[in-house]
Amino acid sequence: MRTFSVKRSGRLALGLAATLVMLSPLASAELVIIVHPGGPDSITKQQVRDIYLNRSSQMPDGQRAVAFELPSGNSMRDAFNERITERPDAWLTSFWSRQVLTGKGQPPTEMSSASGMKSVVSSTLGSIGYLDSTLVDDSVKVALTPEP
Amino acid sequence: MKYSLCLFRKSTPAIFSVTLLSSLLSLPAHGQDNQQRLNQMEERLNALQKQVTESNLEKTRFNGFFSTGYTRATNDAGYDEATEDSDLQTLSLFGLQGTFSLGRNTDAVLQLVSRGNENWDTELEWGYLRHQFHTGTEVRAGKMRLPLFMESETLEIGYGQVWARPPEAVYDPVPVRSYLGADLAHTFNFDSSSLETRAFAGHLDDDADSLGQTIGVELRNLTGLTANWTNYLWTFRGVYARADASIGSVGGPVNLGQNEKAEFMGLGLSYDDGAWLLMSELTRVEVNGLFQNTDSAYITFGRRIKEVTPYITASWIESKDNFKRDGTPLAVLDTRRQAYSLGMRWDLVASVAMKFDWTHARGFGNTTGGLIGNQLGGSFNSTDVYTVRLDAAF
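Residue numbers (my numbering), protein chains in the order written: chain A, 12 to 159; chain B, 197 to 590.
Heads up, some of the hints might be wrong.
Examples of chain B residues toward chain A, derived with CB under 7 Å [what the hints assert, rightly or not]:
no., residue
1, Thr256
2, Asn259
3, Glu349
4, Ser466
5, Gly574
6, Ala588
Just so you know, these hints were derived from the structure itself, not from any lab. Predicted, not measured: the structure shown is a model, and the values here were computed from it. A virtual CB, placed ideally from N, CA and C, is assigned to each residue, including glycine.
Just need the whole structure built from these sequences, with the hints factored in.
This is the structure:
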């Protein structure tokens, strides 16, 4: 009896949460990982992380990865660093200057705006980037929606 | 490549007008044709995009680094070249690095460095050709950094390090930086870790300062091996190198040995999770003849709190062959020293960091502590060095 009521209230809470998520304007501005329309259908968080931290240079479909990022201060970049790289901006700048100056690799190319990000990802083979889900259209493919 | 781009550009308007014309003239009847043409156009566009992407990957790149800093010590012991006189030259340097792609996997790397304490004379620090095979193997030839330490490759790039300076106990006993030769590296990639092994061989001929004199250092038949394993959180490193060393000159002011067997051994460990930072290296230098055999170590702890990274370092060095110099004037080379640093790195804006450091050195025992002030007749038991440093990378 007790378990039943717990289950019921759990469901109720879930339903409530779902309604809230649907209603909240913030929830719709979700971070999504986008790739070239001809790119892989899905990618794991670990694969994205490996590409953005210079541990891998390949997309899951074998294509040479070309990564793009948004400028610092952008809320999607903050969300990306929080959920994917799990590294603060200062760490990343220092990390990439070491990689560049020791010839180990080049940082993701920074695009100045979300629209620039979308158009470059849609037009570059092997591309990977991230965007606010509300701005996504058919020109790019969403390969991952990382959970907060 | 350029040619084909031009060709495409020139022909684009023609293609467009033809497509437009045909679609205007025969829309319903040739719908399928148009679709085909559209597909062809799309294919051509994709090919063009691919070329553009590739040309982006192959361009020439310039990067650089810059440091300047203020140093002052409480006395003239000379730890890290710091004295009671304020100094701006020692930490000041400017580096420019160019990477020129010669092909998809071959490049030439050039690093020029001008240092404040060398009258800003520009020196070719690196100049090598590199080829990377698809198998994870890399071969290089030319002038390269001697890979003795964990931070060898970023030795002069202050922005890439947390410290105001690499710990002197470990980074100072080998008075040279770059050699002329070749190396072969292979990286083994595992599930979530990688192992890089590197074999190198070459020759080194450079100047160094010893006992207030500029002396020649020559390493002949230099060979070595490094292994570096990392799971991107923990890193373990091992290095062994050997050479026939000539330090100073016969009949010159300082002669510490000619064609003596020299060996270097080192172990390194680091941890970096983005917030906590740990680094430690243990090194041994063994040279036949009068040049000091030393054991050294340091350990650094740091913690990143947003833009600020406070750190502490403890380091130690001791010469193990004092008996060889007993009773001779060269006994001033005997070394024993501990140093403790408390410092902070502050990331001001992207690519610019400021550092504050206080280092206290002591525990010289019966030795000069390896400090030039004591070697030249002073009697300092300890010293404190204060540093403020500004680093940038671009």
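Indices of hints not satisfied (ascending): When the structure is compared with the hints, numbers 1, 4, 5 and 6 turn out to be violated.
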